[in-house]
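S.K.: Each chain, written out:
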Amino acid sequence: MIWKTLKVGFHRLGSPPSFYRFSTLVSPWLWAGFALCTAIGVYYALYVVPPDYQQSDSFRILYVHVPSAWQAMAGYVVMSILAAIALVWRIRMTEIMAMMCAPIGAAFTAICLATGSIWGRPMWGTWWEWDARLTSMLVLLFIYLGIMGLYAAFEDRRKGARVACILVLVGLVNIPIIHFSVEWWTTLHQGKTIRIFGESSMHYSMMPPLIWMTIAVKLMFGAALLDRSRNELLTQDRRKGWVQKKLIQEELK
Amino acid sequence: MIPELEYAIYVWSSYGIFAVVVAWQVLQPLLYRRRLMAELREEQALQSGEYDDPNP
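Chains as they are written, first to last, in our numbering: chain A, 1 to 253; chain B, 1 to 56.
Please keep in mind that the hints were generated in silico from the structure rather than gathered at the bench. Cβ atoms here follow ideal geometry from the backbone N, Cα and C, with glycine treated the same way. Be careful, since some hints might not be right.
[Said to hold, decoys possible] Pair by pair, the computed Cβ-Cβ distance ranges are:
no., chain 1, residue 1, chain 2, residue 2, range
1, A, L188, B, W12, 36 to 46 Å
2, A, P50, B, L36, 31 to 41 Å
3, A, S201, B, L36, 44 to 54 Å
4, A, L138, B, M37, 33 to 43 Å
5, B, Y32, A, D52, 33 to 43 Å
6, B, Y32, A, K159, 18 to 28 Å
[As the list claims (entries may be wrong)] Covered stretches of chain A, going by a simulated chain B footprint (3 or more residues, C-beta under 8 Å):
no., segment
7, 54-61
8, 86-93
9, 109-115
10, 151-158
11, 163-176
The following block holds chain A by itself, in its conformation from the complex (with noise of 0.2 Å):
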């Protein structure tokens, strides 16, 4: 039963009016709840959790890091998930939103990025090196701005689209480089901190923020997808009825 429904309304999310509806109603909640976990996540990394023993306070800019690379990953993994349905079944809908992937994902890479380089300094004494780690995290930005490219760079969006998805799972064999460089390679950059199964060598006391801080940018992805998505679609099929309808009865509001 509960499995038909979900089926169901996944079915019926195909549909531009129904994805428009749903995106509107769910997206303002999800930024509320970004909102809310990273004022947490930020209030415990910068107050609350104690300075670590070897890296002093340095050690705090990891708490937007991490989540920010672990984000910058799974959202790849979410793209080609997406780009596979699209391209096996021709929905439109996941086209449009393995596509909009892409921007948020770059960001997040680009804070990952940022902030890892910000860390090294102090702690490494350089901003950069070309260790494996660095140089994969840096090809996933180029993997994902090459995506954004590829696909503005069609005037037919769908034929774009489809192109890009193509680009898409071929790029998706850097995601285990990325995840196994640090034991395939001799690396600057440290090795696992964090295990899920396992025990990890980060202390308990100060996981609190990274797990909220992990949940923030989960949101925070769910929630710039549908904006963006939404946009795209609006954009798509403004010549279409439904979006005019759409528009009369804002004016009527």
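Based on these hints, arrange chain B on the given structure of chain A.
M.R.: Then chain B, alone, in the frame of chain A:
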């Protein structure tokens, strides 16, 4: 516990970058949507012959 002065510039600049990028993720779709809706309303007014030209 406020970041020590030694690392304060690094910590605050990192949180600043995060704040700026997040603000952009919130504002960009909002501004784009506002512009798009204005364009669509103008197009609709033109089609219905109710367009009030600001520069006649």
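S.K.: For each hint, tell me whether it holds in the structure or not.
M.R.: Against the structure, the hints come out as follows:
| no. | hint | result |
| --- | --- | --- |
| 1 | A:L188 / B:W12: 36 to 46 Å | 24 Å, violated |
| 2 | A:P50 / B:L36: 31 to 41 Å | 48 Å, violated |
| 3 | A:S201 / B:L36: 44 to 54 Å | 49 Å, holds |
| 4 | A:L138 / B:M37: 33 to 43 Å | 37 Å, holds |
| 5 | B:Y32 / A:D52: 33 to 43 Å | 41 Å, holds |
| 6 | B:Y32 / A:K159: 18 to 28 Å | 22 Å, holds |
| 7 | 54-61 | holds (count 5) |
| 8 | 86-93 | violated (count 0) |
| 9 | 109-115 | holds (count 4) |
| 10 | 151-158 | violated (count 0) |
| 11 | 163-176 | violated (count 0) |
Consistency note: the structure conflicts with the earlier hints numbered 1, 2, 8, 10, 11.
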